[in-house]
Amino acid sequence: MTEQYSETIAGLSKDLRDKKYSAVELTQYFLRRIASSNKILNAIITTTQEQALAAANEADQHIAAGDTNPLTGIPLLHKDIFCTDGIRTSCGSRMLDNFIAPYDATVVAKLHGAGAVMLGKTNMDEFAMGSSNENSYYGPVRNPWDIERVPGGSSGGSAAAVAARLAPAATGSDTGGSIRQPAALCGVTGLKPTYGRVSRYGMVAFASSLDQAGTLTTDARDAALMLNVMAGPDHRDSTSIDHPVPDYSATLDDDISGLRIGIPKESFDEELDDSIATQVNAAIKQLEARGASVKEITLPNMKKAAVAAYYVVASAECSSNLSRMDGVRFGYRCEHPKDLADMYARSRGEAFSREVKRRIMIGTYTLSAGFYDAYYLKAQKVRRVIAEDFRRAFSDIDVIAGPTTPETAFKLKDKTDDPIRMYLSDIYTIAVNLAGLPGISIPCGFSQGLPIGLHLIGNMFDEARLLNVAHQYQQDTDWHRQIPEQIQPGDS
Amino acid sequence: MVLNDEDVRNIARLARLQIDEADIPLYTTELSRVFDLVEQLDEVNIRDIIPMAHPADAVQRLRTDEVTEQNQREKFQKLAPMAESGLYLVPKVIE
Chain A
3 MTEQYSETIA GLSKDLRDKK YSAVELTQYF LRRIASSNKI LNAIITTTQE QALAAANEAD
63 QHIAAGDTNP LTGIPLLHKD IFCTDGIRTS CGSRMLDNFI APYDATVVAK LHGAGAVMLG
123 KTNMDEFAMG SSNENSYYGP VRNPWDIERV PGGSSGGSAA AVAARLAPAA TGSDTGGSIR
183 QPAALCGVTG LKPTYGRVSR YGMVAFASSL DQAGTLTTDA RDAALMLNVM AGPDHRDSTS
243 IDHPVPDYSA TLDDDISGLR IGIPKESFDE ELDDSIATQV NAAIKQLEAR GASVKEITLP
303 NMKKAAVAAY YVVASAECSS NLSRMDGVRF GYRCEHPKDL ADMYARSRGE AFSREVKRRI
363 MIGTYTLSAG FYDAYYLKAQ KVRRVIAEDF RRAFSDIDVI AGPTTPETAF KLKDKTDDPI
423 RMYLSDIYTI AVNLAGLPGI SIPCGFSQGL PIGLHLIGNM FDEARLLNVA HQYQQDTDWH
483 RQIPEQIQPG DS
Chain U
26 MVLNDEDVRN IARLARLQID EADIPLYTTE LSRVFDLVEQ LDEVNIRDII PMAHPADAVQ
86 RLRTDEVTEQ NQREKFQKLA PMAESGLYLV PKVIE
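The listed protein sequences correspond, in order, to chains A and U.
Heads up: take any position in the first sequence, counting from 1, add 2, and you land on this note's numbering.
Heads up: take any position in the second sequence, counting from 1, add 25, and you land on this note's numbering.
It cannot be assumed that every hint is accurate.
As the list claims (entries may be wrong) - Cut-off 25 angstroms, straight-line C-alpha distance, at most; resulting in silico cross-link-like pairs (SDA-like, lysine to any residue): (1) U:K103 / A:I89; (2) A:K415 / A:G351; (3) A:K359 / U:K100; (4) A:K359 / A:R394; (5) A:K306 / U:L104; (6) A:K297 / A:T479; (7) A:K417 / U:Q65; (8) U:K100 / A:A207; (9) A:K340 / U:L104; (10) U:K103 / A:R90.
In short, the hints are calculated from the structure, not lab data.
Owing to the predicted nature of the structure, the values given are computational and were not obtained by experimental measurement.
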């Protein structure tokens, strides 16, 4: 067969409709790629071959009947945080290693309903807590650009799999940068929509006021195709928002002349790697060449204060959410508990990794009697200050541009002994979650063979504009078409 | 802010997490460092600011009070480490 791995969803969809190959053949092709590369990358925890072939077969019947939409027969991967009916949903944790989800997440059901074919479930940092994917019960994921380096996290399996073209697209979730940071480190396009844009139903909860489902794709056009299906209110998620869903594909080709870009001066500081600054500035120049104007802005609390607020809010919510993991109704239970208290403490102590325990303890402490005002309430106030900073900035600009990460992919084990350094990998992305805004990371160059991400932040519900700007940039550049060499030969 | 080992043992107990005694000092150090980072919150002026619970300040949606989900007890209890006769089994609580 030809080189389907280098195709986008849009390209594969056209080929399927033109009957160049069947959905079953396409699914088998990507399953073969997974079989040959996943041993090295460890990007996928569970491959769902049987279900994939059944779904592909169904897609072929729709194609034969001329009843198609853009995702009919398109293979994709789901982050293992999304519940999949009858299929293990581990969330990267020993706690859920034996958990067979009894229902589909709304995101999974919608993509399945649109004809997409699930190939499997991707590796991730346990309960989405981490920025390197080293914190998984199933072992670290390796970056396809350099297998001695991390892919980022927590959606590291999804990012690495798309970068290595084990699937044309994958879902992810982003609580503090967990889609955008791995997208930057793996050289793919990662979209985190506005908080509430996509349903969280069936997405294992980490920090409920920050979590948002999104996409990892090769380009912005594919992200639009995915978001068209995923977005919208859900009566099963009371925090999802009933806001009109536009056709995100319809505005991709809009002219961006007159676009007003804000550049936060805080993003270009001494912590930013020089080669990243150079590439990000070049990318902004590229947008200016298409008629955008640039203005310096200030977001004084977007970094240190945001990280501080984030670790209070996210940890507090995680300690509450993870209290349901008690060894009673599902998940791991320790051997021979001597009483109920012992069963709770040992089941949780044995099944959670150190990072998860640390965050539960931070949250337990900040929510305990006498400390609530000093931590959680204060952090929620700082959160509003940060959201107000963004609101003021968006009064006379359309998008904010800067680097996604301060550095390119780091070596495995480089930061595992230093949680604070690990936390600072998300220094440019965290404020966006606190404010609930949409953000996207798109490939904008390389430094010593490692990808660099351009981070674009939009106003509430302005995903269409982010995708438009990203798509226009991708018309002028081919960074997003670069594929890591060692994976490139494939096995077809 | 600096925590001591006793604080950490107490937090772990409240969180129902068994922590090996040998690991306590490491948690004490790491948690203390996180709380040092959290102190940066004090550098932001938050006077008269209303805490933010939802980024779009949305309020809880209401719906009519009718049954929408079906009982799936057997399906869900299949996931339990121990269940019998429709009950979740745990170690004896009362002697």
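Structure-based check of each hint:
Using a Cα cut-off of 25 angstroms, the hinted pair K103 (chain U) and I89 (chain A) holds, with the two alpha carbons roughly 14 angstroms apart. Between K415 (chain A) and G351 (chain A), the direct Cα distance comes to roughly 23 angstroms. Compliance with the 25 angstroms bound is thereby established for this hinted pair. At most 25 angstroms may separate the alpha-carbon atoms for a hinted pair to count; K359 (chain A) and K100 (chain U) exceed this at roughly 30 angstroms. For the proposed pair K359 (chain A) and R394 (chain A), the alpha carbon gap of about 38 angstroms is over 25 angstroms, so the pair is violated.
For the proposed pair K306 (chain A) and L104 (chain U), the alpha carbon gap of about 42 angstroms is over 25 angstroms, so the pair is violated. Proposed proximity of K297 (chain A) and T479 (chain A) is supported: the alpha carbons are some 23 angstroms apart, at most 25 angstroms. A hinted pair counts as satisfied when its Cα atoms are at most 25 angstroms apart, and K417 (chain A) with Q65 (chain U) qualifies at roughly 22 angstroms. Between K100 (chain U) and A207 (chain A), the direct Cα distance comes to roughly 21 angstroms. Compliance with the 25 angstroms bound is thereby established for this hinted pair.
Taking the CA atoms of K340 (chain A) and L104 (chain U), the gap is about 22 angstroms. The hint holds against a cut of 25 angstroms. Using a Cα cut-off of 25 angstroms, the hinted pair K103 (chain U) and R90 (chain A) holds, with the two alpha carbons roughly 14 angstroms apart.
This entry does not satisfy hints 3, 4 and 5, going by the numbered hints stated previously.
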